[in-house]
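Novice: Now for the letters of each chain:
There are 2 protein chains.
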Amino acid sequence: MATEFSQPYRSSPLLRTEIGDVLRDLRQHQGRTLRQVSADARVSLGYLSEIERGQKEASSELLSAVCGALNVPLSTILREVADRVSVLEGVSIPDSIPEDFLDSQGVLAKL
Amino acid sequence: MATEFSQPYRSSPLLRTEIGDVLRDLRQHQGRTLRQVSADARVSLGYLSEIERGQKEASSELLSAVCGALNVPLSTILREVADRVSVLEGVSIPDSIPEDFLDSQGVLAKL
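Here the protein sequences line up with chains A and B, keeping their order.
Number 105 in my numbering belongs to position 105 of the first sequence; there are no gaps in the numbering.
Number 104 in my numbering belongs to position 104 of the second sequence; there are no gaps in the numbering.
Isolated chain A (complex conformation) (with noise of 0.2 Å):
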């Protein structure tokens, strides 16, 4: 199944991009400026554009410093991000990931 993956260097979304795009998204949302947010977190202004705009890879620790900026748990920005990506992906999951699916993958369903 899933034969979306078959062509993974063209055909997936990029995880930058849509982590870009839910920071842009939450920051907007709370009506706060990038040089706002990027005094927060104590990163330049140039570099968290270039991560709302999916230019640029954010490091671990930019992303726990944005996070700690908008106050919000990284654990929502990446339920989030992945909603996106499942719908990108064609893969329909609602709030949980079915078991068989999850089998199908060869996923642990308890990790």
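What the hints contain is simulated information worked out from the structure, not anything from laboratory work.
None of the values given here were measured: they were computed from a predicted structure.
From the three backbone atoms N, C-alpha and C, an ideal C-beta is built for every residue, glycine too.
Here chain B is said to cover these stretches of chain A; the calculated rule only asks that three of the stretch's residues, wherever they fall, bring their Cβ under 8 Å from a Cβ of chain B: (1) 15-21; (2) 58-72.
Residues of chain A placed beyond 12 Å of chain B at every Cβ, according to the derived structure: (3) T33; (4) L34; (5) S44; (6) S49.
Position chain B against the provided structure of chain A, taking the given hints into account.
Specialist: Chain B in isolation, oriented as in the chain A frame:
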């Protein structure tokens, strides 16, 4: 709330650590070696090993390639990572995120 985010640099879980753990767990669950998966993903064995140990950030392209090699959607990996991060954060999120939690975090519930 969420006092665990008052020190984002020191106490937050790092994304690369959790991604590495999930990738390694999936690979081992499939009974495959680093050599096999790195060959299928067309990445160097050393690089993949460092990713699994959380010593290097995985680029979005590498992550897509490894997902393809493991035949697991990126969204599935991200959900597993989010679950583990939420435990480390002490954020209890069952299958879906309560509306009032999202509101309190300033997160768009309907993005």
